[in-house]
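Chemist: Quick note, the sequences are listed as chains B and V, same order. Following the UniProt record's numbering, the numbering of the first sequence begins with 1 at its first residue and continues without gaps. Following the UniProt record's numbering, the numbering of the second sequence begins with 1 at its first residue and continues without gaps.
In short, the hints are calculated from the structure, not lab data. Treat the hints loosely; a few may be bogus.
[As the list claims (entries may be wrong)] Straight-line alpha carbon distances no greater than 27 Å define the calculated BS3-like cross-link-like pairs of lysine-lysine that follow:
#1 V:308 <-> V:322
#2 B:394 <-> V:322
#3 V:176 <-> B:220
#4 B:427 <-> V:176
#5 B:355 <-> B:344
#6 V:97 <-> V:82
#7 V:214 <-> B:216
#8 V:45 <-> B:394
[Stated by the list, open to error] If we take Cβ atoms under 8 Å as the criterion, some of the chain B residues that face chain V in the derived model are:
#9 211
#10 390
#11 434
Note that the structure is a prediction, hence the values are computed from the model and not measured. For glycine and all other residues, C-beta sits at the position ideal for the given N, C-alpha and C.
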Amino acid sequence: MVRKVAKHVARNKKKYWRQISTKDVEDGLEDIRVEEMTGGRRSEQPDHILYHIDNERPLGSTSPSAEDMEVSPVVRRSVRKQREKLDLNNLNTYKILQPHSCVPPPCVDSREPKDPSSKSSKRLVETEKTVEMRRAAKKKYQNAAKQRSEAKQKTALEKADKLELVDPHVSQVYDLWGTQNEKKQQTQSLVGPVLATYLDQVHQTYDWKVPSHIVKKPSKLPAIEKPLPGISYNPTYDDHQDLLRKAVEVELEKERKELKLQKNLPAKLTQSEAEPIKKAWLKDMASGLFDDNDVDNEPTTESTSLNSVSVGKPVTVETKTTQQRNKEKTHKKKEALAKAAKEKRIQDNELFRLKSIGKEIKSAELGYKQKGEKRKIEYANRENYGTKKFGRYKFEDADLDLNLSEEITGNLRTLKAEGNLLHDRFKSLQKRNIIETRIRAKPTKTKMKKYERRSVREVGVDYRPK
Amino acid sequence: MQKKYKKGAAVNYISRNQALRKLQLTLSDFRRLCILKGIYPVEPKNRRKANRGRLANKTYYLAKDIRFLTHEPIIDKFRQMKSYLRRLTKARARKEKTREQALRNNRPFYKLDHVVRERYPSFADALRDLDDCLTLVFLFANFPLLKKLYEPRLRLCRRLSVEFLHYVIASGSLKKCFISIKGYYFQAEIRGEIITWIIPHKLGHKNPADVDFKIMATFLEFYTTLLGFVNYKLYSEHGLIYPPKLTFTPTTSSSTLCSEDEFSDEFLASLGLPIMKKPELNPVDRIEIDQEAAQLLGDTVADEDARKKEEEAKTLQNLFSKCKFFISREVPREMFAFAIRACGGDVSWDKTMCAGASYDVSDQSITHQLIDRPKLHDMAVNRVYVQPQWIFDSINARKLLPVDNYLPGSVLPPHLSPFVEEKEGDYVPPERFGQRKPDNDIEEQTTNEVPSIDLVNSNAYLNGSLKRKRTENEETAPKITTKEERKRAMRVESGQVQ
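With these hints in hand, go ahead and build the complete structure from the sequences.
Modeler: Now the structure itself:
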């Protein structure tokens with residue numbers, strides 16, 4: 001049996017004490033209160049107050065006599081027509097409010113003037129009056145002063161604001177690189193030193209430490225590159241040819257890259273493989289179009305139909321004889337010996353060749369050093385002048401703006417302008433690593449995902465229940 | 001025991017998505033922030049280490065950069081913008097017009113002053129980056145007003161470009177110019193920094209499909225701020241009043257359609273009239289100071305070179321000072337007006353073309369007139385009629401070339417690029433003989449250029465000849481040897497001679 005433990009009740013909580021009723025105590029106290037208010041504690045009163053011993057009519061005496069029970073004659077009461085006048089000094093309503101309990105108050109209210117006509121009380125009242133008057137006057141004065149200062153601040157702030165705020169969209173210019181104190185002096189002269197410090201606090205800008213690399217530019221390329229002489233509106237023949245050549249180079253470069261890619265593809269994916277497929281497709285598609293012309297201009301290639309499967313020589317297993325094995329063994333040993341001897345010979349020779357070996361090493365090291373320096377220069381160039389790649393897309397140079405030979409007129413009036421400066425600036429910003437390369441987002445169509453229900457998957461789409 | 005991927009590349013590089021999560025930004029906001037702050041992606045040396053053992057094509061940023069970005073107050077403005085847009089769409093959908101108006105009046109905006117200050121701690125840094133900035137600003141200044149672009153910003157671009165051109169005119173810092181099929185190349189030297197920019201042709205173009213317009217708009221936002229500050233600094237250093245005002249106020253009597261501000265803006269934009277300078281207390285000649293300084297320090301070669309450079313600059317600044325030009329209607333007015341004014345000339349154009357024409361065709365004191373037509377009727381006697389290429393070629397040659405080759409209707413000599421420097425042994429086309437100065441200038445050219453540019457020229461990356469490793473002997477077109485044949489061939493090419 002598990003011993004029952006008494007449930008632990010918390011006896012210091014209000015919850016515990018609330019459930020205990022104090023009715024009896026309170027009833028007793030109520031009785032005592034009532035007793036005190038109506039003539040003191042009964043236990044303390046003497047007998048003659050509590051009890052009245054009626055000696056007039058002792059027990060057993062007669063009931064009230066007949067003459068006592070006589071009906072008195074009708075008393076003429078003076079009926080007043082009017083109400084009694086209200087005696088303002090003796091109002092009942094105020095009498096009720098007077099304390100009627102016999103319990104004396106525990107203490108005396110010292111603030112109440114005991115004697116309203118006494119000198120001290122008169123003096124008190126007087127002082128109070130003066131104090132109040134002074135207080136009122138002081139308050140009035142303070143309020144006025146406060147209003148005045150507030151109004152002043154407001155106008156000062158407005159004025160100081162007006163210094164800056166002319167038209168927020170047109171920048172108010174001042175000497176930015178000159179002394180900053182000019183502006184401060186201006187405000188101070190308008191507003192006063194105290195308010196100027198206050199404005200300083202209100203418009204405080206904290207000078208956070210600017211990281212020093214912010215001043216460095218991300219690329220040493222000039223913002224506006226030197227114009228090629230060929231893009232003049234009236235260029236010399238040579239300059240223009242140079243420009244055309246550069247453009248041609250770019251195109252050739254692109255083509256070369258394409259070819260390089262094609263070269264490295266496996267044979268099935270090259271263009272030469274794709275051509276007969278393309279031709280066949282074209283032929284199919286154009287089959288009904290040109291009926292009057294002869295379609296079969298190309299000679300049909302004869303297809304070699306191989307009906308038979310290619311057969312090779314029958315495989316025979318050849319085992320090695322012991323003689324062959326021995327021969328191979330000796331041959332191997334001889335070779336190993338010869339190889340060792342050769343190596344030894346080479347080593348010996350190399351000893352004599354030390355100087356030249358040293359030279360070789362030195363020249364190789366020189367080569368490495370030069371390569372290293374070249375790499376360093378390359379790296380520096382890439383860091384300073386190269387376009388870095390942030391993000392997914394690589395930077396592509398803008399096309400060279402040029403006029404073809406036919407379009408060059410030597411005339412300013414008939415000039416054909418090329419290139420968009422906005423586009424040019426945008427590309428230049430990307431080239432100089434100021435913004436990242438981004439591509440215009442195409443509106444993507446969300447593709448519907450195709451699901452097949454499991455029941456369909458098990459049975460097939462064309463299933464029809466019987 | 002050391003755990004893997006707790007330090008090194010795995011910790012120093014942070015991928016784009018990780019950065020987005022850390023900064024709690026959307027992708028477009030993040031890209032905008034990176035462009036504004038100048039945070040660029042990096043390519044880690046070992047992609048496997050950076051990605052904790054996996055290989056994937058991710059965009060990486062330096063973790064330090066991203067941590068630096070977290071302190072940027074502009075991020076807060078992005079979030080405010082997002083909630084503003086949300087409230088605006090709600091008000092619009094509920095058709096609460098007053099609320100919508102109230103919201104629009106309190107649109108959140110951000111300023112980029114502190115970003116410019118961070119990215120360019122000194123003025124020279126800002127000047128070095130001015131190439132890209134100018135090209136983009138000039139490009140957008142020529143754009144038509146599209147709904148995609150924020151219209152006040154386009155107007156701002158126009159204003160800033162005009163201001164910059166006025167500065168170049170006033171300081172006379174134009175050094176080289178070149179007309180190409182892409183646009184007009186200009187090169188100026190400002191405070192020792194060489195700045196090149198392109199102004200597009202004023203012809204219609206369609207927007208290319210693969211350009212991300214939002215990115216370019218963000219770049220434009222940053223660059224307009226930068227250019228504003230640079231303009232202010234340049235103007236204040238040169239002693240000009242910024243924003244620029246013309247030396248005399250134009251009368252508005254002729255136009256009732258536009259306001260006076262717009263009218264003076266138009267005059268300013270026409271680049272025809274000089275702008276006001278701040279009154280200088282002690283006007284001292286600059287060259288005199290330099291000469292005194294040179295005498296004190298003692299003559300050295302560097303000083304001589306500097307003096308020569310100064311002289312050349314001065315000749316270029318006063319190249320057209322004795323000429324008065326008139327630009328015909330068929331010539332693109334802005335570029336030539338700028339080039340002429342930058343070299344000290346006076347220029348005007350037809351009244352119907354643009355505001356700000358100071359004198360008419362019939363003015364007797366005009367010395368040169370730029371025309372592009374093959375034939376012209378009633379030609380005045382005391383002026384020279386030239387084709388516009390003469391201006392640019394003269395500027396590149398630093399002297400007034402003989403006009404005979406540039407007469408209207410004649411075949412123009414080819415327009416050579418001034419950006420090509422020739423070393424001594426190089427082949428020089430005969431057309432350049434007329435333009436080149438005697439031999440001592442070649443040395444000047446090569447010494448003046450920054451030495452790193454030689455590396456650049458021989459650099460495979462920049463020559464575009466990166467891919468081919470084969471020698472050059474393989475493909476050389478047969479060159480026509482004699483000069484006459486070459487000239488004739490060129491003329492055949494250009495279709496002038498059959």
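Chemist: Each hint: holds or not?
Modeler: Consistency of the hints with the structure:
1. V:308 <-> V:322: With Cα atoms ~23 Å apart, residue 308 of chain V and residue 322 of chain V stay inside 27 Å; holds.
2. B:394 <-> V:322: Outside the cut-off at roughly 55 Å; violated.
3. V:176 <-> B:220: holds, 22 Å
4. B:427 <-> V:176: holds, 25 Å
5. B:355 <-> B:344: Roughly 19 Å separates the two Cα atoms, so the pair holds.
6. V:97 <-> V:82: holds, 20 Å
7. V:214 <-> B:216: holds, 25 Å
8. V:45 <-> B:394: Within the cut-off at roughly 17 Å; holds.
9. 211: holds, 5 Å
10. 390: holds, 4 Å
11. 434: holds, 6 Å
The structure fails hint 2 only (numbered hints given earlier).
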